[in-house]
Amino acid sequence: MEKISRKIILKTAQEIIIETKNSEVSLSQIANGLGVTHAAIYKYFESKQVLWEEVSSAWFKEEIIDKIKFDNKTNSRVDTLHSWLYQFANLKKNTYINDRTMFTLNTKYVDNHPKVLRKVLQPAYQEIDRIMDFNDPSLKRAEAILSAFAIFSLPTFKETWLDSDYQDRFDTLWNIIKSGL
Numbered sequence: 001m002e003k004i005s006r007k008i009i010l011k012t013a014q015e016i017i018i019e020t021k022n023s024e025v026s027l028s029q030i031a032n033g034l035g036v037t038h039a040a041i042y043k044y045f046e047s048k049q050v051l052w053e054e055v056s057s058a059w060f061k062e063e064i065i066d067k068i069k070f071d072n073k074t075n076s077r078v079d080t081l082h083s084w085l086y087q088f089a090n091l092k093k094n095t096y097i098n099d100r101t102m103f104t105l106n107t108k109y110v111d112n113h114p115k116v117l118r119k120v121l122q123p124a125y126q127e128i129d130r131i132m133d134f135n136d137p138s139l140k141r142a143e144a145i146l147s148a149f150a151i152f153s154l155p156t157f158k159e160t161w162l163d164s165d166y167q168d169r170f171d172t173l174w175n176i177i178k179s180g181l
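Counting along the sequence shown from 1, when you hit position 19 you're at 19 in UniProt numbering, and nothing is skipped either side.
Calculated directly from the structure, the hints in this document are not laboratory data.
The structure presented is a predicted model; accordingly, all values stated were derived computationally and were not measured.
Below, a list of computed lysine-lysine pairs in the DSBU-like style, where the Cα atoms sit at most 35 angstroms apart:
(1) Lys140 x Lys108
(2) Lys69 x Lys140
(3) Lys43 x Lys115
(4) Lys93 x Lys178
(5) Lys67 x Lys21
(6) Lys178 x Lys67
(7) Lys140 x Lys115
(8) Lys48 x Lys69
(9) Lys93 x Lys61
(10) Lys3 x Lys43
(11) Lys11 x Lys93
(12) Lys11 x Lys48
(13) Lys93 x Lys48
(14) Lys21 x Lys158
(15) Lys119 x Lys7
(16) Lys67 x Lys140
(17) Lys43 x Lys67
(18) Lys21 x Lys7
(19) Lys115 x Lys93
(20) Lys93 x Lys69
(21) Lys73 x Lys93
(22) Lys7 x Lys108
(23) Lys108 x Lys43
(24) Lys11 x Lys43
(25) Lys115 x Lys3
(26) Lys119 x Lys67
(27) Lys11 x Lys67
(28) Lys115 x Lys158
(29) Lys43 x Lys119
(30) Lys73 x Lys119
(31) Lys108 x Lys158
(32) Lys21 x Lys3
(33) Lys11 x Lys69
(34) Lys11 x Lys21
(35) Lys119 x Lys69
(36) Lys73 x Lys115
(37) Lys7 x Lys93
(38) Lys7 x Lys48
(39) Lys115 x Lys178
Sequences are here, hints too, so could you generate the full structure?
Have a look at this one:
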């Protein structure tokens, strides 16, 4: 048996969620999958909430942040930002369509908790700051830009992501903020 660690617990939790197609996995199920006691998991995570926040955060980084690809060498900063934001919005939409189980888990443990969400979005803010060359340690401008596009990323609006005017609404919002960049 592999030695237990935070990383192994997180990996096992995500595997069980994917395998069962259920976001309501218990700590006992994870413990059984690892061949340890339920209490052993609490040596690595102070609460179930913390465990699920980390599982959701890792999934968000892998399935959304890390999948955004762009070439800022050939495009202007503004065009690169547009591409980055559009990919971010579409990756979030695609997870809603294609991976409802993890989308639901992410909604429950990240999107419904503003402080956790803000923490999870730090890499996104940093990328926007880098693209625009703001050099803003507070990341306030980057956060404001991403916040403007909340309708394309917060689960509250998920039903509108499939509307036929999705692209038009995104472009309208983009054109409004573009002039302020």
